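Asker: Here are the chains, one letter per residue:
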Amino acid sequence: MASSASGVGPRPIGERLRSGLLTTLLLLPAGIWYLVLLVAPLVIIIVFSFGTRAKNGGYAPAFVFDNYVRAFQKPEPFITSLQMATIGTILCLLVGLPLAYYLATRAGRYRGVLILLLVIPFWTSFLIRTYAWLLILGPDAGLAGFLESVTGAEQVQILGTPIAVMIGLVYNYLPLMVFPLYVTLERMDRTLVEASKDLGAGRWGTFRQVTLPIALPGLVTGSILVFIPMMGEYVIPQILGYGRTYLMGNALVTDFLEARNWPSGSARAVFLIVIMIVTLAGYVWFVNRGRKTREVSVL
Amino acid sequence: MTAPAVARAAGRGARRPAARQRVDRWAGVVEGYFRLHAALTYAFLFLPIIVVVVLAFNATTKATTVWGGFSLRWFQIALADEVVRDALTNSFWIAIPNAFMATAFGTMAALGLQRVGRRIRLGFDVLTYMSIIVPEIVIALATLILFATSFDAIQSWFGLKLKFGRETIIAAHVLFNTSLVLLLVRARLSGMDRTLVDASADLFATPWRTFRQITWPQLLPAVIAGFLLSFTFSFDDFVITTFVSGPGSSTLPLFIFGQVKRGVTPETNAVATMMLAFTLAMLFVGQLFLGWQARRSGRRAGISIGEMVTDA
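So the protein sequences, as listed, match chains E and D. In terms of this note's numbering, the first sequence opens at residue 1 and continues consecutively. In terms of this note's numbering, the second sequence opens at residue 1 and continues consecutively.
Simulated from the structure, these hints should not be mistaken for laboratory data. Since the model is a prediction, treat every value here as computed from it, not as a measurement. Just so you know, even glycine gets a beta-carbon here, dropped at the ideal spot from N, CA and C. Certain hints may be false.
[What the hints assert, rightly or not] Incomplete in silico selection of chain E near chain D, CB under 10 Å: (1) Trp133; (2) Met166; (3) Pro229; (4) Tyr234; (5) Leu252.
[To be verified] Derived CB-CB ranges, DEER-like: (6) E:Ile32 to D:Gly248: 25 to 31 Å; (7) E:Val47 to D:Met192: 38 to 44 Å; (8) E:Gly57 to D:Val66: 23 to 29 Å; (9) E:Pro12 to D:Leu280: 34 to 40 Å; (10) E:Val220 to D:Thr61: 50 to 56 Å; (11) E:Leu116 to D:Asp202: 38 to 44 Å; (12) D:Gly248 to E:Gly160: 39 to 45 Å.
[Claimed, not checked] With a straight-line Cα cutoff of 27 Å, these simulated DSS-like cross-link-like pairs (lysine-lysine) come out: (13) D:Lys163 to E:Lys55; (14) D:Lys261 to D:Lys62; (15) E:Lys55 to D:Lys161.
Kindly produce the complete structure, drawing on both the sequences and the hints.
Answerer: Written out as structure tokens, the structure reads:
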């Protein structure tokens, strides 16, 4: 970039060689890392997904489709994941949209502080934030006791149920929904809202016809950012669901480590990656529709 | 961010007709709802963190969630615990090399990608995004399988016995964090003022000098944000770490998970509180540094890590 700016006419060969060498050196470490720790593992699980389980566990070379067939015949973990991630995304949206709207239009001079407060949970340990709910939802702790006294029920058991897992999912991924929503709403031209109201539209009409279409890109980005990690979640059902809410991530770990059926686990993993790629491709198509230049920015 | 906000505020103050306010009976209710919603959401976000921190100071020796008075004893117990100390050492000796490597690799790649054609850039983009969107659990298990298979192969071919430990954890962490730094630095690069680079070149500065005096100072905030994020992501990571760790390379998150499985004790909360305090201190220091950096270079002091993360 810098070297070409001053260049008038062809550069000497020595300089071009040196420049090419520098570029290669700059890209080499990251390139090696991607190749060895991303491409190679993914290739390995694709290869293994067509194999069979060795007698005492692991992988034995073969070329069969049994593992994929089995994954389709027993789709329960996938369906549970899909349900939880869909409901979780909707809940994040219901909680996140009004918050993002508040931050973008009403927070005033506290906005900077409030954004920082949103980043803080994002920075702190996922594991700590998740196990903290054990203390809140636990049998001898606050919330369950409160619910028991309110409803008159004998014992309210939240932990170990899908509800606890759902609380954990929404809690952990909410900031990822709020950030992109906030960014789009913050850039919105507020005079459009004024115009809509001056033209006689009500609050709901203005929201539906002006604000929502403008917020849509942020809404879709946020939903993707929330949905994808929810599909692959492993820790939250393990801690808050006592392993009873059995998601794709848990099925993977069972396959690989307990059943030691690497090919079966690999097929599930490949399936999960394909889902991610399809979701993301749909997203890129959505963002770029009607546009000439392509943009692949996800984050 | 500030300029439109000011214009907006001025416009609103000057032009809002008094008549509409009288007609809009629901205004108060709607405003109230937004405020309540925001307050409740922030309470929801911070309640768990506050609960952990408060219960870390619980003097109780029986039930973790029943308040038995204020005490620092669990911090003393945690700090004297050999297992915690080993985990702490491991955590640092993984997070620090990881942060240096990821920051170097990511920054270098971001700079290198400016010098290559579309096709190579697209290939790198695909890999970068793959490393971020492929679920952590899939990467963790696939990496475990890769290491296990290749370690077996190396042993049978060369008789060399490789083991899981800090090195395998660092290698796996660097992958994700390199992508993170790459995206942060590239966002900064694309938002940079190119005319300065051109001007510097026109003034006969060597490319290296242009880089050192023009590009680097502008990149520094992103590089530092990338370093701090890489450090904390590695320091806090559980999923990848648990699958590629070996005997004796347990980190603080692994320690906490083990405790959680057996039942949370005030000691767990004390360790968690120290981790939280450390992470927040890092965030704070990073913020101070960015503010200082901005003041020194005469720009507005408002660049925050939060903004960098939300923008990227």
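Asker: Hints first: check each against the structure and report whether it holds.
Answerer: Hints, verified against the model:
Using the Cβ-Cβ criterion of 10 Å, the hint placing E:Trp133 at the interface with chain D is satisfied: the shortest such distance is roughly 6 Å. Here the hint on E:Met166 is broken, as its CB sits about 13 Å from the closest CB of chain D, past 10 Å. Interface hint status for E:Pro229: upheld, as the beta-carbon distance to the closest one in chain D is roughly 7 Å, under 10 Å. Given the 10 Å rule on beta carbons, the hint for E:Tyr234 holds: about 4 Å separates it from the nearest Cβ of chain D.
With a cut of 10 Å, the hint placing E:Leu252 at the interface with chain D holds, because the nearest CB-to-CB distance is about 6 Å. For the hinted restraint 25 to 31 Å between E:Ile32 and D:Gly248, the CB-CB distance of approximately 27 Å keeps it satisfied. Taking 38 to 44 Å as the suggested C-beta distance range, the pair E:Val47 and D:Met192 conforms, at roughly 43 Å. Checking the proposed 23 to 29 Å range against E:Gly57 and D:Val66 shows it is violated: the Cβ atoms sit about 45 Å from each other.
Restraint check, E:Pro12 to D:Leu280: a C-beta distance of roughly 53 Å breaks the suggested window 34 to 40 Å. Remark: the range hint 50 to 56 Å for E:Val220 to D:Thr61 is upheld by a beta-carbon distance near 51 Å. Taking the beta carbon of each, E:Leu116 and D:Asp202 are about 41 Å apart, inside 38 to 44 Å as hinted. At about 33 Å, the beta-carbon gap between D:Gly248 and E:Gly160 misses the expected band of 39 to 45 Å.
Taking the CA atoms of D:Lys163 and E:Lys55, the gap is about 24 Å. The hint holds against a cut of 27 Å. With a CA separation close to 17 Å, the supplied pair D:Lys261 and D:Lys62 stays within the 27 Å bound. Annotation: proposed proximity of E:Lys55 to D:Lys161 holds, straight-line Cα distance about 24 Å (limit 27 Å).
Of the numbered hints stated above, those contradicted by the structure are hints 2, 8, 9, 12, listed in ascending order.
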